[in-house]
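*Asks:* Sequence:
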Amino acid sequence: MNTQMTRQLASLTIFAILALAGATVEAQVSRTQYSSIDSQRFQINRPLSDFVRVKGQEGNYLQGVGLVVGLKGTGDSDLTPTHRALSLMLKHMGNNAGSGPGGEYLPEELKNIKNMALVLVRANIPAEGAEEGDFIDCEVSSLGAKSLAGGTLAISTLQGPNPHDKTVWALASGPVELAKQDIPTRGYVMNGCRIEKTIRNPFVTQDGKIFLVINEGHKDWRMAQEIVFGVNNLEQNISRGTSGQIAKALDQKTIEVTIPPQYKEEPVFFVSILMETPIVDSLLNNKVVINKNQGLIVIGSDVEIGPVVINHNGIKVETANPEASKFVTVDTQKQYATRLKDLEDALTTLKVPATDIIDIVEALHHQGKVYGELIYVN
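Numbering (mature numbering (1 follows the signal peptide of the UniProt record, and there is no 0)), first residue to last: -27 to -1, 1 to 351.
Read the hints as simulated data drawn from the structure, not as lab findings. Accuracy of the hints is not assured; some may be wrong.
Unchecked claim - In the BS3-like style, the derived pairs of lysine-lysine whose C-alpha atoms are separated by at most 27 Å in a straight line are: (1) Lys153 with Lys119; (2) Lys324 with Lys342; (3) Lys265 with Lys324; (4) Lys182 with Lys28; (5) Lys28 with Lys45; (6) Lys153 with Lys342; (7) Lys237 with Lys28.
As the list claims (entries may be wrong) - Each pair of labels, with its calculated beta carbon distance range: (8) Pro136 with Pro20: 37 to 47 Å; (9) Asn286 with Asn33: 40 to 50 Å; (10) Asp193 with Met163: 22 to 32 Å; (11) Asp110 with Pro136: 17 to 27 Å; (12) Pro148 with Pro240: 37 to 47 Å; (13) Met248 with Gln225: 14 to 24 Å; (14) Ser22 with Thr178: 39 to 49 Å; (15) Asn97 with Met248: 14 to 24 Å; (16) Gly123 with Asn264: 26 to 36 Å; (17) Gly268 with Pro20: 17 to 27 Å; (18) Thr178 with Thr322: 51 to 61 Å; (19) Arg173 with Asn264: 14 to 24 Å.
Model, not experiment: these values are computed from the prediction. The C-beta atom is built at its ideal place from N, Cα and C for all residues, glycine as well.
Full structure from sequences and hints, please.
*Replies:* Given below as structure tokens:
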């Protein structure tokens, strides 16, 4: 490579030392340019559901304030608001303890009740909604108590996030289990929230349209066009004789789809077909594609890795401050991030089997050090 070309391209040196059968092999690989073959020649079809969600099918939450009772001396230290809440709860249950003849709050009546805590109760509603009678988990978080261990959530009413909507959507109660032993102020009640009113998330507009929202990481003008092409191609197959196209991109993240006439009365069936539409994923720059059956791996040129140390079959991979004698290090200039492609090339130069490279990449991903998406294909 001539000097001029060398100056034009960012160089990155990877030093790799690998001990094999008592002999030390040293390889130096100089990366000067990254091939675009990964994103331009390697394309796979993935179902539309991998790229989008249907607008209206979003998760939501219910919340309320409740009381956890039965605590072992770890309840609220300032019991004034807690006693007020207890008085209201007892009154709602037909017990006037803590209330005067006119319904006024009498703190003296409840002053000896201490083993309880005021808590925030929250239940997450899945994107598909919930039916009346369903039981789901709910979370409880202390507002003042030191620990909720051993406590029981008294019946609490849960409302939606809109403060102006006073509808009681669910009731929550039951024994509290700590989510983590080292965080005793937060716990959950397994299947402790009963849905009192059916919660449905409508997804079809009055004029018979649905909207697809492209997921984070895929929002791109080209991807929006790929989706429009795929959906309109599907329309030609399922709606022969129908003129026009059913999908159009409103921007790089939103696709409008008109339900074909023959599916107007069966929108769920149509969406089930729609979400299986094969879409060409040509944007592989930030993805890693793995075929374990064939021992193949394709790494996009934009996939980066964070600082990490990992050992695999005698190979030590270290992306920062190498000090060991048996290692594969990726050393970069400060202004450049470390790219996974460089590590793959170094290991390939050392004739490390593809199956081992896949294992190393998966280990890096498991540690959260691969800044890209892993895709498995057969």
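*Asks:* Evaluate each hint against the coordinates.
*Replies:* Evaluation of the provided hints:
no., hint, result
1, Lys153 with Lys119, "holds (14 Å)"
2, Lys324 with Lys342, "holds (24 Å)"
3, Lys265 with Lys324, "holds (18 Å)"
4, Lys182 with Lys28, "holds (11 Å)"
5, Lys28 with Lys45, "violated (46 Å)"
6, Lys153 with Lys342, "holds (25 Å)"
7, Lys237 with Lys28, "holds (18 Å)"
8, Pro136 with Pro20: 37 to 47 Å, "holds (39 Å)"
9, Asn286 with Asn33: 40 to 50 Å, "holds (47 Å)"
10, Asp193 with Met163: 22 to 32 Å, "violated (41 Å)"
11, Asp110 with Pro136: 17 to 27 Å, "holds (24 Å)"
12, Pro148 with Pro240: 37 to 47 Å, "holds (41 Å)"
13, Met248 with Gln225: 14 to 24 Å, "holds (20 Å)"
14, Ser22 with Thr178: 39 to 49 Å, "violated (20 Å)"
15, Asn97 with Met248: 14 to 24 Å, "holds (23 Å)"
16, Gly123 with Asn264: 26 to 36 Å, "violated (51 Å)"
17, Gly268 with Pro20: 17 to 27 Å, "holds (25 Å)"
18, Thr178 with Thr322: 51 to 61 Å, "holds (56 Å)"
19, Arg173 with Asn264: 14 to 24 Å, "violated (40 Å)"
The structure shown violates the earlier hints numbered 5, 10, 14, 16 and 19.
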